[in-house]
Amino acid sequence: MSLLSVRDLVVKFAMRHQTLTALDHISFELAQGERLGIVGESGAGKSITGFAILNLLSQPGFIAGGKIMFDGKDMAALSSEEIRLIRGDRIAMIFQDPMVTLNPVLTIGEQMVETLQAHRNISRSDAEKIAIVKLREVYIPAPEERLSQYPHELSGGMRQRIIIAIALLLDPQLIIADEPTTALDVTIQADIMELLLELCQNNKVSLILITHDLGVVSQMTERTLVMYAGKIIESGKTREIVNDPQHPYTQGLINALPQQTVAGHRLKQIPGNMPGLGSLPPGCAFHPRCDFATDICKKSVPEFVSFADVKVACHEVARLHKTKKAEAKDG
Amino acid sequence: MVDSIAPDLIEVKNLEKRFALDEGFLETVKFRGGKILREKREVHAVNNVSLNIVRGEALCVVGESGCGKSTLARLVVGLLKPSAGQVLYGGTRIDNLSAKDMLPYRRKMQMIFQNPYASLNARMSIEQALMEPVKVHNPRLSRAEIFDKVAEVMQAVGVDPSWAKRYPHEFSGGQRQRIAIARALTMDPEFVIADEPISALDVSIQAQVLNLMLEAKDQRGLTYLFITHDLSVVQHFGTRVAVFYLGSLCELADTKTLFDTPKHPYTQALLSAVPKLSDEAPSHIRLKGEIPTPINLPPGCPFESRCVHANARCLAEHPAPLQKPDGAIVACHAVEEGRID
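Chains as they are written, first to last, in numbering that gives the first Met the number 0: chain A, 0 to 330; chain B, 0 to 340.
Don't read these hints as lab results, they were simulated from the structure. If you're wondering where the values come from, they're calculated on a predicted model, not measured in any experiment.
A few chain B residues facing chain A, derived, Cβ under 8 Å:
id, residue
1, G173
2, I204
3, H228
4, S231
5, V232
6, Q234
7, T254
8, L269
9, L276
10, P281
11, R285
12, E289
Within a straight-line C-alpha distance of at most 20 Å, the following computed PhoX-like cross-link-like pairs (lysine-lysine) qualify:
id, chain 1, residue 1, chain 2, residue 2
13, B, K29, B, K39
14, B, K275, A, K236
15, A, K267, B, K275
All C-beta atoms in this analysis are idealised placements derived from N, C-alpha and C, irrespective of residue type, glycine included.
Given the sequences, and given the hints that come with them, work out the whole structure.
In structure tokens, the structure reads:
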């Protein structure tokens with residue numbers, strides 16, 4: 000049974016003049032111990048997906064439909080009291096910017112003890128012992144001394160390690176990491192990613208990694224969802240998506256990377272911009288930027304269909320697949 | 000390596016920039032060991048850097064945050080005064096010029112900044128923003144002539160001139176960066192300094208902006224100083240690469256040489272840390288610790304505290320940049336002594 004099952008999740012934002020659909024019927028499953036990547040550009044809905052799972056959407060955003068089943072409970076239907084038992088305990092979240100995630104006026108120790116005491120009936124000294132164990136797990140040197148330090152005394156990489164240690168405090172079943180290394184330098188990013196991977200594998204923790212970096216997804220995850228304008232447009236095994244992307248947008252994203260082009264040559268760019276949620280074109284949201292767009296793409300929204308190992312929402316992929324099937328039958 | 004007769008557009012000689020942390024007199028007074036001392040703390044942003052930029056090339060400067068790459072760009076363009084050393088433009092020293100004498104060089108050197116949300120004045124229409132520099136440098140042109148110039152450049156960067164009356168907030172990040180590039184190009188510059196021009200943009204938009212910059216280079220014969228932390232961009236865009244660490248130049252080489260045979264231990268670690276599509280798991284050279292602070296640097300190699308090859312000499316003595324047979328310039332005792340290749 001899957002640990003997390005999201006079905007037809009719809010998230011809307013009630014603005015003054017209109018209601019925008021930020022997530023449009025998102026469905027995916029996550030098994031215990033599985034690592035899932037969510038990629039897409041800013042505004043595609045990746046972070047909203049992460050927030051929605053934890054019921055952290057703030058006004059004017061709200062869950063307008065669908066189910067988020069975590070460990071047999073529907074997160075979208077729980078009371079805020081019940082959610083609090085899960086949030087930070089069974090599901091932990093790691094945010095992008097380690098400079099703002101920690102409270103600057105509390106010591107590292109206070110923040111760690113506070114988290115433990117909020118969820119467990121535990122003495123301060125026992126909580127500190129657990130904190131030290133977790134800090135050691137994320138390779139923080141001299142963890143005993145860190146407890147009395149303030150966040151500003153630590154570097155960015157160190158802070159993100161401490162945030163990971165806090166996420167691990169209550170041995171969660173799922174970690175949602177939203178661009179955890181975007182604010183960090185490459186050498187530090189590599190260290191943090193390796194650490195996160197090691198911890199997930201050793202403790203059989205599931206991971207949802209939200210990122211715009213396909214290289215990171217490739218290193219870290221087993222399955223990937225590609226999002227565009229509030230929809231999942233392709234999902235499947237990470238290896239297959241990276242090596243043989245089906246959706247024209249995924250192909251475009253991968254081909255646009257400088258490493259895919261001979262140095263000095265023109266990069267293969269995707270023309271235009273992702274449309275705003277208030278001005279989505281009819282039909283497939285990607286059609287104005289797509290080289291393969293035909294009349295049907297302008298009129299009808301493509302369904303999200305399974306082909307062999309991947310699921311893709313694209314009329315052209317569906318058509319190619321049909322032709323291939325017909326040819327196979329004839330041959 | 001570029002042959003020695005090639006004319007350098009920019010030459011930087013022993014450039015240093017230090018920022019004082021303790022501005023006032025009282026801030027410098029410290030009490031230590033029962034004595035009252037005066038002590039000035041300084042951030043050593045750029046330390047004794049020498050390099051040249053050849054006409055028509057794209058020199059990329061890479062390094063992690065705080066390594067001094069943006070400070071270097073600002074020193075070259077004259078936005079900051081160096082604490083020591085010289086900046087030469089086409090053989091003329093420009094770092095000590097008066098504002099008036101600097102004016103013609105300001106036109107020839109244009110800068111593109113990282114964040115297109117901050118680099119365009121929110122209260123000026125893009126027409127005003129683009130016309131202003133042309134007006135300043137060509138006071139005799141009529142308004143219509145200036146607008147023609149601006150419209151031509153807007154067309155060239157793919158922004159419809161009929162949008163000229165709009166304000167920056169009406170444009171997306173990618174479009175804004177095109178406008179920022181247009182603003183630089185209206186001056187017909189020879190030399191463009193781009194400080195992380197694409198790092199605030201999405202992947203699909205990054206490719207658009209990089210293509211635009213490559214086009215401008217080919218069509219207008221521009222020379223670039225391109226500052227970035229993204230090594231895959233460097234590999235694509237740069238003719239030569241300078242790797243910085245904590246304000247010092249570690250390695251400078253042709254792009255291909257640097258990526259094929261990185262020599263400095265820091266360059267090797269940096270290259271290995273870039274996540275690639277073909278990676279199935281993180282695989283990188285692990286460095287010890289983290290980047291130390293650039294305040295009151297130790298006398299030795301700045302990378303010593305994180306380097307696996309460091310020895311006593313690295314701790315005591317700052318390595319000088321030395322040229323290798325393949326043209327790469329490397330500042331590393333271990334490379335010099337042949338302890339590593």
